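Below are the chains, spelled out letter by letter.
There are 2 protein chains.
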Amino acid sequence: MRIVMVGFGVVGRALAERFIADQNYLASNFGLKPRVVAVADTSGALVNERGVDLKKALDAKRRLGSLAKGMPDEVKPLSSSELLDELDYDVLVETTPTNIVDGEPGLTHVKKALSMGKSVVTTNKGPLAIALPALLELAERNGALLRFSGTVGGGTPILDFGRMCLSGDRVVKVEGILNGTTNYILTRMYKGGLSFEEALKEAQDAGYAERDPTMDVEGYDTACKLVIIANYVMGLKVTLRDVRIKGIRDVTYDVLKRLGESGKTIKLLGVIDGEGLVVEPREVSLTDPLCVWGTLNAVTFHTEHLGSETIVGKGAGGIETAIAVIRDLIAVKRFLMRGLGG
Amino acid sequence: MRIVMVGFGVVGRALAERFIADQNYLASNFGLKPRVVAVADTSGALVNERGVDLKKALDAKRRLGSLAKGMPDEVKPLSSSELLDELDYDVLVETTPTNIVDGEPGLTHVKKALSMGKSVVTTNKGPLAIALPALLELAERNGALLRFSGTVGGGTPILDFGRMCLSGDRVVKVEGILNGTTNYILTRMYKGGLSFEEALKEAQDAGYAERDPTMDVEGYDTACKLVIIANYVMGLKVTLRDVRIKGIRDVTYDVLKRLGESGKTIKLLGVIDGEGLVVEPREVSLTDPLCVWGTLNAVTFHTEHLGSETIVGKGAGGIETAIAVIRDLIAVKRFLMRGLGG
Numbered sequence: 000m001r002i003v004m005v006g007f008g009v010v011g012r013a014l015a016e017r018f019i020a021d022q023n024y025l026a027s028n029f030g031l032k033p034r035v036v037a038v039a040d041t042s043g044a045l046v047n048e049r050g051v052d053l054k055k056a057l058d059a060k061r062r063l064g065s066l067a068k069g070m071p072d073e074v075k076p077l078s079s080s081e082l083l084d085e086l087d088y089d090v091l092v093e094t095t096p097t098n099i100v101d102g103e104p105g106l107t108h109v110k111k112a113l114s115m116g117k118s119v120v121t122t123n124k125g126p127l128a129i130a131l132p133a134l135l136e137l138a139e140r141n142g143a144l145l146r147f148s149g150t151v152g153g154g155t156p157i158l159d160f161g162r163m164c165l166s167g168d169r170v171v172k173v174e175g176i177l178n179g180t181t182n183y184i185l186t187r188m189y190k191g192g193l194s195f196e197e198a199l200k201e202a203q204d205a206g207y208a209e210r211d212p213t214m215d216v217e218g219y220d221t222a223c224k225l226v227i228i229a230n231y232v233m234g235l236k237v238t239l240r241d242v243r244i245k246g247i248r249d250v251t252y253d254v255l256k257r258l259g260e261s262g263k264t265i266k267l268l269g270v271i272d273g274e275g276l277v278v279e280p281r282e283v284s285l286t287d288p289l290c291v292w293g294t295l296n297a298v299t300f301h302t303e304h305l306g307s308e309t310i311v312g313k314g315a316g317g318i319e320t321a322i323a324v325i326r327d328l329i330a331v332k333r334f335l336m337r338g339l340g341g
Numbered sequence: 000m001r002i003v004m005v006g007f008g009v010v011g012r013a014l015a016e017r018f019i020a021d022q023n024y025l026a027s028n029f030g031l032k033p034r035v036v037a038v039a040d041t042s043g044a045l046v047n048e049r050g051v052d053l054k055k056a057l058d059a060k061r062r063l064g065s066l067a068k069g070m071p072d073e074v075k076p077l078s079s080s081e082l083l084d085e086l087d088y089d090v091l092v093e094t095t096p097t098n099i100v101d102g103e104p105g106l107t108h109v110k111k112a113l114s115m116g117k118s119v120v121t122t123n124k125g126p127l128a129i130a131l132p133a134l135l136e137l138a139e140r141n142g143a144l145l146r147f148s149g150t151v152g153g154g155t156p157i158l159d160f161g162r163m164c165l166s167g168d169r170v171v172k173v174e175g176i177l178n179g180t181t182n183y184i185l186t187r188m189y190k191g192g193l194s195f196e197e198a199l200k201e202a203q204d205a206g207y208a209e210r211d212p213t214m215d216v217e218g219y220d221t222a223c224k225l226v227i228i229a230n231y232v233m234g235l236k237v238t239l240r241d242v243r244i245k246g247i248r249d250v251t252y253d254v255l256k257r258l259g260e261s262g263k264t265i266k267l268l269g270v271i272d273g274e275g276l277v278v279e280p281r282e283v284s285l286t287d288p289l290c291v292w293g294t295l296n297a298v299t300f301h302t303e304h305l306g307s308e309t310i311v312g313k314g315a316g317g318i319e320t321a322i323a324v325i326r327d328l329i330a331v332k333r334f335l336m337r338g339l340g341g
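Going down the list, the protein sequences come from chains A and F. The first sequence maps to residues 0 to 341 in numbering that gives the first Met the number 0. The second sequence maps to residues 0 to 341 in numbering that gives the first Met the number 0.
Source of the hints: derived by calculation from the structure; they are not laboratory data. One or more hints might be untrue.
Treat identical chains as interchangeable: a pair holds within one or across any two.
[Claimed, not checked] Subject to a maximum C-alpha distance of 20 Å in a straight line, what follows is the list of computed SDA-like cross-link-like pairs (lysine to any residue): (1) 172 <-> 34; (2) 110 <-> 61; (3) 256 <-> 98; (4) 263 <-> 286; (5) 236 <-> 249; (6) 190 <-> 262; (7) 190 <-> 31; (8) 32 <-> 169.
All values reported here derive from a predicted model rather than from experimental measurement.
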């Protein structure tokens, strides 16, 4: 399987490390034999049709921060778009950072690959939150597969689990804690008696929250994930503009303390039901399986016949998200084999 | 899809009801068009190659308790084994009661169908607990698919979720609350201060426990499910004889109360790890996602890279298990289509 990797940050590098360390395991257990024909970061691209030397690329990036600085003689000054025009490959693995304003540069990469009939695995929520209905159509029209397990729940297979719940039944409502940072903050407020500002500071110091925490605490990250679930699991054709969003800045310790006395707490929930898509702080019973703590994520799928099914796991992490990419690559492999009558 | 239904108890009847009520939904969303060419209970079999009238069969069974009594002119005095020899069909749906002594009569039914290259969907734990490695081999040798989602977790897709966690990763340990009856009893002891005997009586009165509660409280039901997970998710070739089993009769309220003060409780866990397969009451932290209450089931898959992934849902119920059968029938349909190049 010829892979172009665009993006060589935390997830891209964790993926390269797994390709090296799990080579035999992936080949013998899943028939997955990744050959990375190009790796690109913003500085340029390493290209080799017989397979890029991932160890050298990892080492270069680690030592000097960019491929071009670490391997100046070998890196071509190609933009990722040029790369996707020129190279022959089977799958694009897109792991550039999420941008919810216009989805770029990921949106251009994903569109270009799908338009040319290439399958895409992405961990980038931006293009999906902005244009998932159009991208899924584009993929179908061009006989390509678009997979994005790692965008929701890190390595926890929330999206495919939701689809599975649907098989033979109907998902009628989804409720989820989809952002580990805000769950950590609310956990520290509830259990540690901290104010919002104190808990945010602690989350930043621990590396759970960004310097600019807007995406997390204002609910945008949760909203992106909710859009992806709505499209993939429930077949709704919605984008970020369809979500009513409220963050957790107004939650106070006093309210949490009072609720706790009656067996409840507040979580930042993403909810999809007959009313539409909403992200906001809502009351949750302390004994609800959805009520998980720390940086954990949890999603409950309410179905017509099965009742409520909850899945809980880590919601982020480089290795975890890389495993989600590998799961998607296994799905792409099966998809491509089917075209060949395999 | 021509289906033979052997067993017409709670699950079989719930399935027949779904076939009637969801006919259009199943056809248009999953391409599933079930034609039940025979329904058998212990009294005999209704056979019709163009499709049994399920409404009449349900009505007969409801009014008089058996197909032969309700429809004496139409029911043939065929044993289920004779039925499977004589009829032309695609899938056997086996829902006879679990028997862990010798797996019969289900084991004979399942073996017969698989030997003839027919796919099988079963909700019967008995044949699987006793002979799953051999049955999976038999299915593969004869080009048939053996599916059994409903045997673990009722409608909650625990087995397929476990397989999905494995895709690209490795499941290294499984821990589960796999029996709703014992979880109900332990919940009522912990939260209601009841003794084991009082809680058992309450569970029996509420219909959660059988008159003879041995299967549940002595841990055999959990052990059957653990064997099925070990084979299906972890590829171990084990049977019920490989499980060390201890039930919950010795758990006391005093112990639960003391543990509760240090943030723990006791649950009847099924565990698969490097030590083998064990069913026994074990301490669980009250904040562990696995620590669910009432009749809920929960399973945690510990994987090499993803950490711990937990799935929570109802563990039993007629409709729920019928939905698991439908999910399996959709999988069988895809399997059969693949053989036809579809």
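- request: Classify it for me, residue 32 with residue 169: is the Cα-Cα distance of at most 20 Å met within a copy, between copies, both or neither?
  value: Classified as between; 17 Å across copies, 36 Å inside a copy.
- prompt: When no copy is named, should residue 256 and residue 98 be tagged within, between, both, or neither for a Cα gap of at most 20 Å?
  reply: Close neither inside one copy (36 Å) nor across copies (51 Å); limit 20 Å.
message: With identical chains, the pair residue 190 and residue 262 could be close in the same copy or across copies; at 20 Å between alpha carbons, which is it: within, between, both, or neither?
response: both (13 Å within a copy, 14 Å between copies)
message: Please sort residue 263 with residue 286 into within, between, both or neither, judging by C-alpha distance up to 20 Å.
response: For residue 263 and residue 286, both the intra-copy (8 Å) and inter-copy (14 Å) Cα distances are at most 20 Å.
query: Under a CA distance limit of 20 Å, which applies to residue 236 and residue 249: within one copy, between copies, both, or neither?
result: Neither: 31 Å inside a copy, 54 Å across copies.
message: As a check of your reading, is residue 110 near residue 61 (CA-CA no more than 20 Å) within one copy, between copies, both or neither?
response: Neither: 30 Å inside a chain and 57 Å across chains, both beyond 20 Å.
Within, between, both or neither: residue 172, residue 34 at alpha-carbon 20 Å: neither (40 Å within a copy, 31 Å between copies)
task: Since the copies are identical, ignore which copy is meant and state whether residue 190 and residue 31 lie within 20 Å (CA to CA) inside a copy, between copies, both or neither.
output: neither (44 Å within a copy, 49 Å between copies)
Going through the hint list in order, the structure does not satisfy hints 1, 2, 3, 5, 7.
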